[in-house]
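Number of protein chains: 2
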Amino acid sequence: MPIYKAPVEDTLFLLKDVLNIDRYNNLPGFEEATPDMVEAILGEAARLCEEVLQPINHSGDKEGCTRHEDGSVTTPSGFKEAYKAYVEGGWMGLAASPDYGGQGLPYVLHSAVGEMLSSANMAFAMYPGLTQGAIAAIQEHGSDELKQTYLPKMIEGSWTGTMNLTEPHCGTDLGLLRTKAVPAEDGTYKISGQKIFISAGEHDLSDNIIHLVLARIEGAPEGTKGISLFIVPKFVLDAEGNPGTRNGATCGSIEEKMGIHANSTCVMNYDDATGYLIGEENRGLNAMFVMMNEARLGVGLQGLAISEVAYQNAVVYAKERIQGRSLTGPKAPDKKADPIIVHPDVRRMLLNIKSINEAGRAFMLWSALKGDISHRSGDEKEREAADDLMGLLTPIVKGVLTDKGFDNTVAAQQIYGGHGYIQEWGMEQFVRDARIAQIYEGANGIQALDLVGRKLPKDGGRAMRLFMEEVNTFTGKHRDNEAMQPYTKPLRDGVKALEASTMWLVQNGMANPDNAGAASTDFMHLMGLVALGYMWGLMAEKSLEALKEGANGKTSFHENKLATARFYFQRVMPEAGAHLARIQSGADSLMAMDAEAF
Amino acid sequence: MPIYKAPVEDTLFLLKDVLNIDRYNNLPGFEEATPDMVEAILGEAARLCEEVLQPINHSGDKEGCTRHEDGSVTTPSGFKEAYKAYVEGGWMGLAASPDYGGQGLPYVLHSAVGEMLSSANMAFAMYPGLTQGAIAAIQEHGSDELKQTYLPKMIEGSWTGTMNLTEPHCGTDLGLLRTKAVPAEDGTYKISGQKIFISAGEHDLSDNIIHLVLARIEGAPEGTKGISLFIVPKFVLDAEGNPGTRNGATCGSIEEKMGIHANSTCVMNYDDATGYLIGEENRGLNAMFVMMNEARLGVGLQGLAISEVAYQNAVVYAKERIQGRSLTGPKAPDKKADPIIVHPDVRRMLLNIKSINEAGRAFMLWSALKGDISHRSGDEKEREAADDLMGLLTPIVKGVLTDKGFDNTVAAQQIYGGHGYIQEWGMEQFVRDARIAQIYEGANGIQALDLVGRKLPKDGGRAMRLFMEEVNTFTGKHRDNEAMQPYTKPLRDGVKALEASTMWLVQNGMANPDNAGAASTDFMHLMGLVALGYMWGLMAEKSLEALKEGANGKTSFHENKLATARFYFQRVMPEAGAHLARIQSGADSLMAMDAEAF
Numbered sequence: 006m007p008i009y010k011a012p013v014e015d016t017l018f019l020l021k022d023v024l025n026i027d028r029y030n031n032l033p034g035f036e037e038a039t040p041d042m043v044e045a046i047l048g049e050a051a052r053l054c055e056e057v058l059q060p061i062n063h064s065g066d067k068e069g070c071t072r073h074e075d076g077s078v079t080t081p082s083g084f085k086e087a088y089k090a091y092v093e094g095g096w097m098g099l100a101a102s103p104d105y106g107g108q109g110l111p112y113v114l115h116s117a118v119g120e121m122l123s124s125a126n127m128a129f130a131m132y133p134g135l136t137q138g139a140i141a142a143i144q145e146h147g148s149d150e151l152k153q154t155y156l157p158k159m160i161e162g163s164w165t166g167t168m169n170l171t172e173p174h175c176g177t178d179l180g181l182l183r184t185k186a187v188p189a190e191d192g193t194y195k196i197s198g199q200k201i202f203i204s205a206g207e208h209d210l211s212d213n214i215i216h217l218v219l220a221r222i223e224g225a226p227e228g229t230k231g232i233s234l235f236i237v238p239k240f241v242l243d244a245e246g247n248p249g250t251r252n253g254a255t256c257g258s259i260e261e262k263m264g265i266h267a268n269s270t271c272v273m274n275y276d277d278a279t280g281y282l283i284g285e286e287n288r289g290l291n292a293m294f295v296m297m298n299e300a301r302l303g304v305g306l307q308g309l310a311i312s313e314v315a316y317q318n319a320v321v322y323a324k325e326r327i328q329g330r331s332l333t334g335p336k337a338p339d340k341k342a343d344p345i346i347v348h349p350d351v352r353r354m355l356l357n358i359k360s361i362n363e364a365g366r367a368f369m370l371w372s373a374l375k376g377d378i379s380h381r382s383g384d385e386k387e388r389e390a391a392d393d394l395m396g397l398l399t400p401i402v403k404g405v406l407t408d409k410g411f412d413n414t415v416a417a418q419q420i421y422g423g424h425g426y427i428q429e430w431g432m433e434q435f436v437r438d439a440r441i442a443q444i445y446e447g448a449n450g451i452q453a454l455d456l457v458g459r460k461l462p463k464d465g466g467r468a469m470r471l472f473m474e475e476v477n478t479f480t481g482k483h484r485d486n487e488a489m490q491p492y493t494k495p496l497r498d499g500v501k502a503l504e505a506s507t508m509w510l511v512q513n514g515m516a517n518p519d520n521a522g523a524a525s526t527d528f529m530h531l532m533g534l535v536a537l538g539y540m541w542g543l544m545a546e547k548s549l550e551a552l553k554e555g556a557n558g559k560t561s562f563h564e565n566k567l568a569t570a571r572f573y574f575q576r577v578m579p580e581a582g583a584h585l586a587r588i589q590s591g592a593d594s595l596m597a598m599d600a601e602a603f
Numbered sequence: 006m007p008i009y010k011a012p013v014e015d016t017l018f019l020l021k022d023v024l025n026i027d028r029y030n031n032l033p034g035f036e037e038a039t040p041d042m043v044e045a046i047l048g049e050a051a052r053l054c055e056e057v058l059q060p061i062n063h064s065g066d067k068e069g070c071t072r073h074e075d076g077s078v079t080t081p082s083g084f085k086e087a088y089k090a091y092v093e094g095g096w097m098g099l100a101a102s103p104d105y106g107g108q109g110l111p112y113v114l115h116s117a118v119g120e121m122l123s124s125a126n127m128a129f130a131m132y133p134g135l136t137q138g139a140i141a142a143i144q145e146h147g148s149d150e151l152k153q154t155y156l157p158k159m160i161e162g163s164w165t166g167t168m169n170l171t172e173p174h175c176g177t178d179l180g181l182l183r184t185k186a187v188p189a190e191d192g193t194y195k196i197s198g199q200k201i202f203i204s205a206g207e208h209d210l211s212d213n214i215i216h217l218v219l220a221r222i223e224g225a226p227e228g229t230k231g232i233s234l235f236i237v238p239k240f241v242l243d244a245e246g247n248p249g250t251r252n253g254a255t256c257g258s259i260e261e262k263m264g265i266h267a268n269s270t271c272v273m274n275y276d277d278a279t280g281y282l283i284g285e286e287n288r289g290l291n292a293m294f295v296m297m298n299e300a301r302l303g304v305g306l307q308g309l310a311i312s313e314v315a316y317q318n319a320v321v322y323a324k325e326r327i328q329g330r331s332l333t334g335p336k337a338p339d340k341k342a343d344p345i346i347v348h349p350d351v352r353r354m355l356l357n358i359k360s361i362n363e364a365g366r367a368f369m370l371w372s373a374l375k376g377d378i379s380h381r382s383g384d385e386k387e388r389e390a391a392d393d394l395m396g397l398l399t400p401i402v403k404g405v406l407t408d409k410g411f412d413n414t415v416a417a418q419q420i421y422g423g424h425g426y427i428q429e430w431g432m433e434q435f436v437r438d439a440r441i442a443q444i445y446e447g448a449n450g451i452q453a454l455d456l457v458g459r460k461l462p463k464d465g466g467r468a469m470r471l472f473m474e475e476v477n478t479f480t481g482k483h484r485d486n487e488a489m490q491p492y493t494k495p496l497r498d499g500v501k502a503l504e505a506s507t508m509w510l511v512q513n514g515m516a517n518p519d520n521a522g523a524a525s526t527d528f529m530h531l532m533g534l535v536a537l538g539y540m541w542g543l544m545a546e547k548s549l550e551a552l553k554e555g556a557n558g559k560t561s562f563h564e565n566k567l568a569t570a571r572f573y574f575q576r577v578m579p580e581a582g583a584h585l586a587r588i589q590s591g592a593d594s595l596m597a598m599d600a601e602a603f
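Chains as they are written, first to last, in my numbering: chain A, 6 to 603; chain B, 6 to 603.
Source of the hints: derived by calculation from the structure; they are not laboratory data.
Because the structure is a prediction, the values reported are computed rather than measured.
Mixed in with the good hints there might be a few duds.
Identical copies look the same in the list; a pair holds intra-copy or inter-copy alike.
Keeping only pairs whose Cα atoms sit at most 27 Å apart, straight-line, the calculated DSSO-like set for lysine-lysine is [said to hold, decoys possible]:
#1 336 / 230
#2 67 / 262
#3 341 / 185
#4 463 / 501
#5 482 / 559
#6 340 / 185
#7 230 / 340
#8 230 / 341
So here's chain A without its partners, still in its complex pose (with noise of 0.2 Å):
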């Protein structure tokens, strides 16, 4: 069976050193997170994930969700009792709005618990996390009313929220969704359709669901203007504000899928149910938006969690188990032959998910901060530079991370060899639900077009221009310190790589779009090698600095990171002249033959 340990001391070393949180406790929420505090709460979220979450991760998948006759569901053997420790925990109100009971503490806080949570138990970790989401469309866009009735029963955990957009014949393309909403005479809509792909839709975990559906009102525009957003509660409420009538949104059906068995993905059947508009009439994409922004970053960190908890596995098992001996002598002499950690190939395997492990908590953290800047700065432009950047590499948080999440996880497995294929072993479970999070929430070639076609161009190149500055003000302060050249030198190529595949696409892409469809993924992925490596580039910097003031008796931990730097940047980096490559091939040699042809 898997284990599982949370990553505190390195999240802290990240918290700490190198993003140094303490710079912001002027900020709303960070006066609270002294470094004290944040060991305690990292701590505790170890403690919950590591005893509660994680045994009964493979029993979940094993069991799956139950849907009964009647449309209800029931979740795995343990799960009732787990949230229940979650929501004791007061772990959904982390950094929720002290205005509506939760406890306001920076967002980035909240990420560093959710990556436990998911590496612990995706599918648990779900539930919490689309509620979430709806937390938020609901504080940004909804009513005072709206705010009122909802947020408290969410953010203490006593409800549950859902996202409902994807229909049979429409996910990308919401412009296309049938779903309607007639207004009723007291305000209120009644809302008929079918939705698809909805995680935590129907389950026995919490008193009432909340969910958040898209629908076109009777008489709007066609295609994306015509769509608003309701809540629409499973019970709609009573006088006293608790769940009474139970609505017309059921459960048509389980999805039986591919992974993340213990969460119940819905067909949801709304009949006349009815629903409460969220900000105004036909905006409903705007509001959603919100939502999947914060989805998008959550994803991104399952990409990343799940890729962190096969790797300890799978570092357990190239430790203990013994096969063959090392090519330059034996290792063990003692045993019959040597664990395969002594292996360079085993070893390539760890070190190439260790490497993007460690970097891709430092970017998700670093892009989680930023989304605290963007909200509780007192600065306009420290907000609006924040805000900048959370929006250009969310993205690639979601593409990148789960990308390479993926590819990870398959990586961890193979080091079980035949072992890995067995459910028993756990393994694959790991890479079947790892697999989801490169398809929702905009599957990852979405992600993409997102970032070449909007992000990229928007207030005519703000964003990147911000980034890079950042980047290359960091290679440019080393410029002269030799110590750091192993790590400045390979990602000032990539940033090299980045600015002429930038330049390609500046002087290509207005030309001919397909060109920038075609160069988007590479696009994206070589941002993201960028991105990463600008990573530990930082982490190098204070690991350096560390060993030179005596490393607090952690020297160990200090030079491990160094090594796995100088690991990225020789093994990882290089994939970026592939990327440039393609890109600066255009888009003729996809374009060229007749959709017949293939």
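Start from chain A and add chain B according to the hints.
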């Protein structure tokens, strides 16, 4: 439900035009493989695959195999009937020796059919697939008596075969194996021990199951030099050569796996089972290697096969699914949205798969043809050269076609968006099935080590020189051919990277064997890129010739080949540079950290 259409036209192009198998009609078996005969056989195989095997692939995955209390195993519904059809069609003996009832046709033709079988139903195809491996080992190393006793029944398909290598504590490192063989007075042996991961170990398809079992004869030396190979039939034969007494070879359980559910993967318990020595005592690994080489080509073929069927389905979906509009304006203005195949990023994924599959098919057939020549040619030098090349390239067929095949299958699933994650669409089964091919028959890291540590240095690098000579002769021949430059120029760049890598290995691998281990996987993939590129060079050459000659009314076939070849060289070949950089970075970054630091 997924579809499948056997690639008959493409296979004929390869056999006739590219490989020109007519050249070999002086070899045994080839004289019967006339163009008409080949076309008829491929047509019949296509019918079996499309109409009989593919329709029970998805249901077989859902139903799986069932082990009963008495240790017997039932295959999924329809498998018995399908196996009957397979046997009646004479497919088991297609390339088997006429001395024992086989048809003796070329192995290259057998391989072409093998791809179709695995595309249609990989779990099914493994039952006869393992039998063919067993046939090869008995044929090569068995005594005349053993051959007369077992081969006719196996070649007709009444009896099936298995390979028993792995034990719980030993997979790659067979030197650790413990299953023991005690000589009996009548010249037989009593076999006792436990084997795991035994594909097709027990089932209801055949009258007898002929297990090939590696075991250690009492008193034999430790390690790999004390291993012998035995035939252990499920039923010991009676005096007439028919299945008689039940032998002590029983299925203890069937493994719950990630995929290939319709193939029974057994824990096999041997308890004083009667066994018959194949070949010499303590030379079992040698005899088993015959089976393993054959099996490795067969597994490479599975990687290609699943990638092909996944591709075909992704194409159907990409043409039917309408979502969004082309970046260059509506392409299906009469519909609410364009089919997603208009998007460059969707085409990028499809062409990536297509360009690797078509070259992979060529490479697989090219390698199989070398196998034919190495066995059947009357010219000793020709035999030796073919054997050199087949030995060198077997780990690449296995490692590269299964790694790329898996990635391709994942990409094909990605094109389905959320639907790809749902079981009923069938794409996730392909991913789960394809995954095993990277693991079994020597995990791909072992293939890479076999290439770099054994095949490359063998006979002073003779095989590698031969391969490079062949590719360089090809590019040299076209040096002044303008029309070939888009293909040969990037191929030469790939060759240069391969030459530089080989040189680096020669200089650094001897001094420090870890440098070879550290380079192995990248070297295997770099050589794979060149091998597939060489195939594209050959296919482009023949397509240009055909177009010049009027193309026989198949202009678009050849033009699409050229377009796909250009995609390969512009978009896939650039990976070569990243591999070279990683190889040249050496082992230091891998070996720097203590095992405890992972």
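Evaluated hints:
{"no.": "1", "hint": "336 / 230", "result": "between (66 Å within a copy, 22 Å between copies)"}
{"no.": "2", "hint": "67 / 262", "result": "both (12 Å within a copy, 12 Å between copies)"}
{"no.": "3", "hint": "341 / 185", "result": "between (69 Å within a copy, 18 Å between copies)"}
{"no.": "4", "hint": "463 / 501", "result": "within (22 Å within a copy, 42 Å between copies)"}
{"no.": "5", "hint": "482 / 559", "result": "within (26 Å within a copy, 61 Å between copies)"}
{"no.": "6", "hint": "340 / 185", "result": "between (69 Å within a copy, 21 Å between copies)"}
{"no.": "7", "hint": "230 / 340", "result": "between (69 Å within a copy, 19 Å between copies)"}
{"no.": "8", "hint": "230 / 341", "result": "between (69 Å within a copy, 15 Å between copies)"}
In summary, this structure violates none of the numbered hints.
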